[in-house]
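Number of protein chains: 2
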Amino acid sequence: MKFEVTILGSSSATPIFNRNPSSQVLNINEKFLMIDCGEGTQQQMLRFGIKYHKIDHIFISHLHGDHFFGLIGLLSSMHLNGRSKTLYLFGPPELQEILDLQFKHSNTILKFPIDFFATQVNQAEIILETNDFFVETFVLNHRIPCTGFKFLQKLKLRKIRKEMVNELEIPASYYPLLKRVIDFVDKEGKTHKAFDLTADPDVPRAYAYCSDTVADGSYIQHLKDVDTLYHESTFMHDMQDRAKETFHTTSLEAAQIANDMNVSKLLIGHFSARYRDLTPLLLEARSVFEETFLANEGETFMI
Amino acid sequence: MKFEVTILGSSSATPIFNRNPSSQVLNINEKFLMIDCGEGTQQQMLRFGIKYHKIDHIFISHLHGDHFFGLIGLLSSMHLNGRSKTLYLFGPPELQEILDLQFKHSNTILKFPIDFFATQVNQAEIILETNDFFVETFVLNHRIPCTGFKFLQKLKLRKIRKEMVNELEIPASYYPLLKRVIDFVDKEGKTHKAFDLTADPDVPRAYAYCSDTVADGSYIQHLKDVDTLYHESTFMHDMQDRAKETFHTTSLEAAQIANDMNVSKLLIGHFSARYRDLTPLLLEARSVFEETFLANEGETFMI
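These protein sequences, in sequence, are chains A and B. Taking this note's numbering, I'd label the letters of the first sequence as residues 1 to 303. Taking this note's numbering, I'd label the letters of the second sequence as residues 1 to 303.
You can trust all of the hints, since none of them are fake.
Heads up, the list lumps identical chains together, so a pair's fine if it works in one copy or across two of them.
With a cut-off of at most 35 Å between alpha-carbon atoms, the simulated DSBU-like pairs for lysine-lysine come out as follows:
1) Lys54 <-> Lys244
2) Lys51 <-> Lys244
3) Lys104 <-> Lys244
4) Lys85 <-> Lys244
5) Lys85 <-> Lys104
6) Lys104 <-> Lys54
7) Lys244 <-> Lys111
8) Lys51 <-> Lys104
Hints are computed from structural coordinates only; laboratory data are not their basis.
Using the sequences and the hints given, assemble the complete structure.
Structure below.
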């Protein structure tokens, strides 16, 4: 099952050095989910060939502008492009008020419904469940309320061992039972263990998005089962004091979390405007956690 | 005196084909004034080397997103870049409410004051006067209240004819009087006409920005003294019905206005997403008014 993330923006606070503010698009089995939507995200979508109509879910971590100022423009463009299907929007409660006010003063009545889910700022929760995955929030520690998001594939049923079921001439109509580990009894009355006729399902994978936060360990319990971790990494570790003061994380701290939580891959982003060249941030993180990558715009990472 | 306009965006409604929504920067004698501020304007400023701190005045024509969704981001970036001097903002009254709400929910207390001037939606007025120029609004006819802006240089004092005043050994302290046409009497009691000792000042130039509007002639009285006219030109003339329906102007209509008002130069912009190639719009306008130019991003036009 496809599970990958494409980076649309990796700049903190202000756009600079051709880096745009935060936004990513997850593709989970051809469902496209957007995480954060800084200014210029719709321009980035055009640049990287991501169609507006593919996005049905948008998750906003918090109400600092570099994480949501592109949302109103994207919604407006969806409207002007004739969208009619529902858009599922998840974010802090105040987001609705901000959108409503702007649509009111531009006299815009959207051609499509927005189903808005106000995220809780004080506790983790499951905010979406589909056939294929869950989305959970968890609480980060930033200057204003901020949530992280975790995207977890569901455990699938066991897989049919084609060659064995063919040999036993088990009818296809029985496969769903086998997948649920219900044994098969043949014409001679002999029982064949469903467990032997099936194989383990793929291990569910998980992606976590740690938006702006100080690296205080309060949220790492939520990263236990994570394969690919995106973690903000605004500063290098020589700026640790500044990071704490502004409720941000250093590259080294992000790598320590990745290492402690034993993830497979770490993506770092949300880079401060002070770094034109990002190589030092990458090398600092890799000194602790080898499988670190820069969340560069336009790049797609398999999860 | 320098008087020129740089185009930052020329797309209507949605960004497309690398065209960004409306924004322009006027340079009047090294004062930089921004007109409209669609999403991504701050990215365009970076691209074309226009520094945030140079902008002290921003004029917003109306509250459709393609004309102001970039404003909140630009103001935030000015804040994060440590701006302390006042920013003079002119726009529809509701703009203040929209900005205030977003700053409130992001817990942002701007490091610089915004002096907000609410434009009137029903009548023309002078909204700014400096030593060098006036800015006037005039009422356009769009789906929501919308103003045009006219930037008029002031008539300067007469210019000293250096070779003549040197010959007569007139002290420099007397120049301001000559400029005000006060005659000079020399030691022998002979009167020298100030008018002869000075030359005509430069003819004041004017730039008008006609944002979204139907071309109904209601505002052309304000374009009489205009040298360079920017006029929206969303559609080609075969779409005139659609233009009227959406309160927009065709390329041909914009050219007719330029021709009727006898301006020197017409800039057309705010192009519909249906036109990838803009040449047909340009040719259509030039069939009526030769001195028409596409308001292409990054181009600077002398006024």
